[in-house]
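J.: These are the residues of each chain, in order.
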Amino acid sequence: MSTILFVFSRPPHGSINAQEGLDALLMGSAFTTCSVLFVGDGLMQLVAGQSTDDLGTKNFSLSFGALKDYGVTRIACSKPDLLARGLNKDDFLIEVESLNAAAMQAFIRNHDKVLNF
Amino acid sequence: MSTILFVFSRPPHGSINAQEGLDALLMGSAFTTCSVLFVGDGLMQLVAGQSTDDLGTKNFSLSFGALKDYGVTRIACSKPDLLARGLNKDDFLIEVESLNAAAMQAFIRNHDKVLNF
Amino acid sequence: MNFAIVVHGAPYSSEACLSALKFAKAVLASGHSINRVFFYHDGVHTANSLIAPPQDEAPVSEQWQEFGTGNNIELIACIASCLRRGILDETEADRYEKSGSNLAPGFTISGLGQLIDASINADRVVTFGV
Amino acid sequence: MNFAIVVHGAPYSSEACLSALKFAKAVLASGHSINRVFFYHDGVHTANSLIAPPQDEAPVSEQWQEFGTGNNIELIACIASCLRRGILDETEADRYEKSGSNLAPGFTISGLGQLIDASINADRVVTFGV
Amino acid sequence: MIVHTINKVSALGLCNNLIAEDDKVVLLEDGVYLGLQPLPFLVFAIRFDVDARGLGGLLAAHTESIDYSDFVRLCAEADKVCSWF
Amino acid sequence: MIVHTINKVSALGLCNNLIAEDDKVVLLEDGVYLGLQPLPFLVFAIRFDVDARGLGGLLAAHTESIDYSDFVRLCAEADKVCSWF
Chain A
1 MSTILFVFSR
11 PPHGSINAQE
21 GLDALLMGSA
31 FTTCSVLFVG
41 DGLMQLVAGQ
51 STDDLGTKNF
61 SLSFGALKDY
71 GVTRIACSKP
81 DLLARGLNKD
91 DFLIEVESLN
101 AAAMQAFIRN
111 HDKVLNF
Chain B
118 MSTILFVFSR
128 PPHGSINAQE
138 GLDALLMGSA
148 FTTCSVLFVG
158 DGLMQLVAGQ
168 STDDLGTKNF
178 SLSFGALKDY
188 GVTRIACSKP
198 DLLARGLNKD
208 DFLIEVESLN
218 AAAMQAFIRN
228 HDKVLNF
Chain C
235 MNFAIVVHGA
245 PYSSEACLSA
255 LKFAKAVLAS
265 GHSINRVFFY
275 HDGVHTANSL
285 IAPPQDEAPV
295 SEQWQEFGTG
305 NNIELIACIA
315 SCLRRGILDE
325 TEADRYEKSG
335 SNLAPGFTIS
345 GLGQLIDASI
355 NADRVVTFGV
Chain D
365 MNFAIVVHGA
375 PYSSEACLSA
385 LKFAKAVLAS
395 GHSINRVFFY
405 HDGVHTANSL
415 IAPPQDEAPV
425 SEQWQEFGTG
435 NNIELIACIA
445 SCLRRGILDE
455 TEADRYEKSG
465 SNLAPGFTIS
475 GLGQLIDASI
485 NADRVVTFGV
Chain E
495 MIVHTINKVS
505 ALGLCNNLIA
515 EDDKVVLLED
525 GVYLGLQPLP
535 FLVFAIRFDV
545 DARGLGGLLA
555 AHTESIDYSD
565 FVRLCAEADK
575 VCSWF
Chain F
580 MIVHTINKVS
590 ALGLCNNLIA
600 EDDKVVLLED
610 GVYLGLQPLP
620 FLVFAIRFDV
630 DARGLGGLLA
640 AHTESIDYSD
650 FVRLCAEADK
660 VCSWF
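Protein chains in written order, with my numbering: chain A, 1 to 117; chain B, 118 to 234; chain C, 235 to 364; chain D, 365 to 494; chain E, 495 to 579; chain F, 580 to 664.
Okay, chain A solo, but in the shape it has when bound (with noise of 0.2 angstroms):
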């Protein structure tokens, strides 16, 4: 069966993209194995503190509490993105492995397909 990577680059709440990979993310993780990595604006969506009932719109951030659950794999972001934008990992909502540039190559290889969003 194969093996998908999910690789998130959007920011959220700006447009749906950010969440429309989440659902495909949690559907895909129903049917093979998946893993998911966040790179660029993307890890934006891992921020923890996201509160939406000013905007009105849906607080999908609480869900990546469940991807375990879900049985993704590994959750991983850029180490370079996550540097360039002054964040750590304890500003994050979940437990994230950071990996440099040569760690994500491999974690591209390693799986059968890849979906960006």
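Keep in mind that the hints are not guaranteed to be accurate.
What the hints assert, rightly or not - Once the Cα atoms are required to be at most 30 angstroms apart in a straight line, the calculated DSSO-like pairs of lysine-lysine come out as:
1) K58/A / K68/A
2) K332/C / K175/B
3) K185/B / K175/B
4) K389/D / K603/F
5) K462/D / K332/C
6) K79/A / K89/A
7) K89/A / K68/A
8) K462/D / K259/C
9) K206/B / K175/B
10) K389/D / K175/B
11) K259/C / K58/A
12) K196/B / K206/B
13) K68/A / K79/A
14) K79/A / K58/A
15) K603/F / K79/A
16) K389/D / K332/C
17) K58/A / K462/D
18) K196/B / K175/B
19) K58/A / K89/A
20) K518/E / K259/C
21) K196/B / K518/E
22) K185/B / K206/B
23) K185/B / K196/B
It should be emphasised that the hints constitute simulated quantities derived from the structure, not laboratory data.
With chain A fixed as given, assemble chains B, C, D, E and F onto it according to the hints.
T.: Chains B, C, D, E and F in isolation, oriented as in the chain A frame:
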């Protein structure tokens, strides 16, 4: 009567923003005094020799030649953005003023309204 | 003071449509007026009557309808943008021999001249882009 | 070799929809096959039957219909993306009590599972994003 | 005085040459991420967008959170509004 | 070998750390503007997109113009395709 400055910042063909911006400029020039400023990858709208025959989309760059006939007052681009792209004005299909930062700020100040595309 | 508001973003796909609505409400709440809201580019998707969003997402399109109708504010969807994107009123549906129309109540399909007219006559123009 | 193709961009608004079509045609011309084309995000606008583009612009949506029907290739539009964006078949129009439907012939509305299934079973997945 | 609105990080590159010394910048939507670093302008960020993204405690000291009524007031005080996206 | 597609200039920033030495990069749509400068990868650009933008004579020497059948062949030769947008 309000004067309008149109600001074009998107490259052509990848999305319809550039084409719909041009449509708005042509309409605007029928009603009032209009000028246009190209910034960022919007400068790429002006590159000569665009040929969309194989792509199968509309080659709206041909309409830029008619801007003066439509009464568009001034046609200008960002000099820093021109240099950053390694382009010079000979690469363009029409004659365009290139403005430095101070001149662009004055250009915006001297119009009543700004419409960005 | 009189505002013209221009919306380039589709509901859900982009936040622009929701931001513009919040801004428009604040304009009225501040005692100013709005001469027209012009939906251009993907913004015309706001006028699609067939949108059926999930229960847990804000019904942005419906909220615009209520805002326009409730405050008697013109909501204009650009005709050229609409035709390219499949938003039709009954007249256009007939003209192009389409099976039906899908323009939501409260919206009017009209030409780009309405954008220029609104821009010229407003004191301020604010665009919500994508 | 078997390809799955994923389209995120709406016709006209984005070139992605047109690039995907050119790619799909080249896949078949090269002797490969396509197991499914999955329209997600704004890509589902391709399935809107009410699009009436100007004469001088390529009718991308119609070209997809012809491609799918002519080559017997599944064109699936994601149901969740469709509902948010106002693309409905008759079943969904009835369910949400809407005045009509606008799904173009040749397209089928179905769930996200179809994206995963196509990705797993294809030899290659290629996404055309925005 | 001109109000410049910025709704995404990449749009700063379009306008940073065009913002005059006495202009004001309103960050909204994904543009609020620009409020994390100091910028050489007078910068305001829409609070709803800041909160939605969990950035309340992360904004640079000089980035002022505002609501939509403040945004409208800034637009009314300005000579015109220029929207970058 | 992985084929990476890039369809806009800003997407290069997302993937430049993720492209391995033996990978190949296909520029399409607005991504072909990246073909104007030398890039440290094996770079191909879709000819239809290059021509539509008037870039025929402006591409960097090492950027190779290809058509869609070449693009399909590169995908078939690769282990997988990764799309950046």
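J.: All hints are to be evaluated individually against the structure, with a verdict given for each.
T.: Hint check:
| no. | hint | result |
| --- | --- | --- |
| 1 | K58/A / K68/A | holds, 21 angstroms |
| 2 | K332/C / K175/B | holds, 24 angstroms |
| 3 | K185/B / K175/B | holds, 21 angstroms |
| 4 | K389/D / K603/F | holds, 22 angstroms |
| 5 | K462/D / K332/C | holds, 17 angstroms |
| 6 | K79/A / K89/A | holds, 10 angstroms |
| 7 | K89/A / K68/A | holds, 17 angstroms |
| 8 | K462/D / K259/C | holds, 28 angstroms |
| 9 | K206/B / K175/B | holds, 24 angstroms |
| 10 | K389/D / K175/B | holds, 21 angstroms |
| 11 | K259/C / K58/A | holds, 21 angstroms |
| 12 | K196/B / K206/B | holds, 10 angstroms |
| 13 | K68/A / K79/A | holds, 21 angstroms |
| 14 | K79/A / K58/A | holds, 28 angstroms |
| 15 | K603/F / K79/A | holds, 23 angstroms |
| 16 | K389/D / K332/C | holds, 28 angstroms |
| 17 | K58/A / K462/D | holds, 24 angstroms |
| 18 | K196/B / K175/B | holds, 28 angstroms |
| 19 | K58/A / K89/A | holds, 24 angstroms |
| 20 | K518/E / K259/C | holds, 22 angstroms |
| 21 | K196/B / K518/E | holds, 23 angstroms |
| 22 | K185/B / K206/B | holds, 17 angstroms |
| 23 | K185/B / K196/B | holds, 21 angstroms |
Violated hints are absent here; each numbered hint is respected by the structure.
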